[in-house]
Amino acid sequence: MPHQLRHFPFPITTPRLLLRKPCIEDSRAVNAGVEESFDELHQFMPWARQRQTLQETELFIEQAVTNWIVQKSEEPWFPIFIFDRTTQEFIGATGYHHIEWESMCLHIGYWIRTSKSGQGLMTEAVNALTRYAVEELGMRRVAITCDIKNIRSQKVAQRLGFALEATLKADRVMVDDQISDTLVFARYSTADLPALEVSW
Numbered sequence: 000m001p002h003q004l005r006h007f008p009f010p011i012t013t014p015r016l017l018l019r020k021p022c023i024e025d026s027r028a029v030n031a032g033v034e035e036s037f038d039e040l041h042q043f044m045p046w047a048r049q050r051q052t053l054q055e056t057e058l059f060i061e062q063a064v065t066n067w068i069v070q071k072s073e074e075p076w077f078p079i080f081i082f083d084r085t086t087q088e089f090i091g092a093t094g095y096h097h098i099e100w101e102s103m104c105l106h107i108g109y110w111i112r113t114s115k116s117g118q119g120l121m122t123e124a125v126n127a128l129t130r131y132a133v134e135e136l137g138m139r140r141v142a143i144t145c146d147i148k149n150i151r152s153q154k155v156a157q158r159l160g161f162a163l164e165a166t167l168k169a170d171r172v173m174v175d176d177q178i179s180d181t182l183v184f185a186r187y188s189t190a191d192l193p194a195l196e197v198s199w
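Sequential numbering of the sequence shown, starting at 0, is according to numbering that gives the first Met the number 0.
It should be emphasised that the hints constitute simulated quantities derived from the structure, not laboratory data.
These numbers come from a predicted model, not from an experiment.
One should not assume that every hint holds.
Below, computed lysine-lysine pairings styled on DSSO-like, alpha-carbon distance capped at 30 Å [unchecked claim]:
{"hint": "1", "residue 1": "115", "residue 2": "154"}
{"hint": "2", "residue 1": "20", "residue 2": "115"}
{"hint": "3", "residue 1": "148", "residue 2": "115"}
{"hint": "4", "residue 1": "154", "residue 2": "168"}
{"hint": "5", "residue 1": "148", "residue 2": "168"}
{"hint": "6", "residue 1": "20", "residue 2": "168"}
{"hint": "7", "residue 1": "20", "residue 2": "71"}
Pair by pair, the computed Cβ-Cβ distance ranges are [claimed, not checked]:
{"hint": "8", "residue 1": "158", "residue 2": "97", "range": "19 to 29 Å"}
{"hint": "9", "residue 1": "154", "residue 2": "83", "range": "19 to 29 Å"}
{"hint": "10", "residue 1": "83", "residue 2": "193", "range": "18 to 28 Å"}
{"hint": "11", "residue 1": "61", "residue 2": "31", "range": "16 to 26 Å"}
{"hint": "12", "residue 1": "169", "residue 2": "31", "range": "29 to 39 Å"}
{"hint": "13", "residue 1": "38", "residue 2": "137", "range": "36 to 46 Å"}
{"hint": "14", "residue 1": "48", "residue 2": "169", "range": "18 to 28 Å"}
{"hint": "15", "residue 1": "167", "residue 2": "101", "range": "14 to 24 Å"}
{"hint": "16", "residue 1": "195", "residue 2": "137", "range": "17 to 27 Å"}
{"hint": "17", "residue 1": "12", "residue 2": "180", "range": "29 to 39 Å"}
{"hint": "18", "residue 1": "195", "residue 2": "87", "range": "15 to 25 Å"}
Here a beta-carbon is modelled for each residue, glycine too, at the ideal position from N, C-alpha and C.
Please model the complete structure; the sequences and the hints are all you need to start from.
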């Protein structure tokens, strides 16, 4: 039933990555990743209008931990942190947004720290989360939305075979207060996803 708490088995592992729920001990690593990547994040992420203090990162993680416990589908949603499986280095964040248990739909959001981009790591992470959403959670629709100018995010969706469903005109306000369009991608099954060894 939609009001019942669900079981989310974690961590999720892939050949290179470990994905898990946040904990407060992650604060320094996450804050360093955001600081390193601020110039890129500032272009497209509404939460990156300004540089984030360690205290702000701690507050975000505290709220995320609470959302996971009570399964509250609102900001900051359900973040999932990504770590290098071998070194345990923080790589970036992904997670589930707008979970709708009645219709069994959700969105996946993501960002990767600058020094780790271009290695296919986020594609690997989103592949794993798509499989988890469909195979573990029973989702019928998995969506990715991004700004029309966010080419890197678009490429992740495209590599994973998400279909472009719509372009929402004048749908978002950018950090510079300019109006922009949103692209909506979706998948309805894991059929034809690139092969990936995933466990949870």
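Going down the list of hints, with the structure as the test:
1. 115 - 154: Status holds; Cα separation ~16 Å.
2. 20 - 115: Given pair residue 20, residue 115 holds - Cα atoms ~20 Å apart, limit 30 Å.
3. 148 - 115: Satisfied, since the Cα-Cα distance of roughly 21 Å is no more than 30 Å.
4. 154 - 168: 20 Å, holds
5. 148 - 168: Since the Cα atoms of residue 148 and residue 168 sit roughly 13 Å apart, the hinted pair holds (cutoff 30 Å).
6. 20 - 168: 34 Å, violated
7. 20 - 71: Judged against 30 Å, a Cα distance of about 14 Å means the pair holds.
8. 158 - 97: 19 to 29 Å: Given about 23 Å between the Cβ atoms, the range holds.
9. 154 - 83: 19 to 29 Å: 21 Å, holds
10. 83 - 193: 18 to 28 Å: Holds: the Cβ-Cβ distance is about 20 Å, inside 18 to 28 Å.
11. 61 - 31: 16 to 26 Å: Given range 16 to 26 Å: holds, Cβ gap about 18 Å.
12. 169 - 31: 29 to 39 Å: 35 Å, holds
13. 38 - 137: 36 to 46 Å: Because 39 Å falls inside the window, the suggested range holds.
14. 48 - 169: 18 to 28 Å: For residue 169 against residue 48, whose Cβ atoms are near 20 Å apart, the range 18 to 28 Å holds.
15. 167 - 101: 14 to 24 Å: 23 Å, holds
16. 195 - 137: 17 to 27 Å: 19 Å, holds
17. 12 - 180: 29 to 39 Å: At roughly 36 Å between Cβ atoms, residue 180 and residue 12 fall inside 29 to 39 Å, so the hint holds.
18. 195 - 87: 15 to 25 Å: 21 Å, holds
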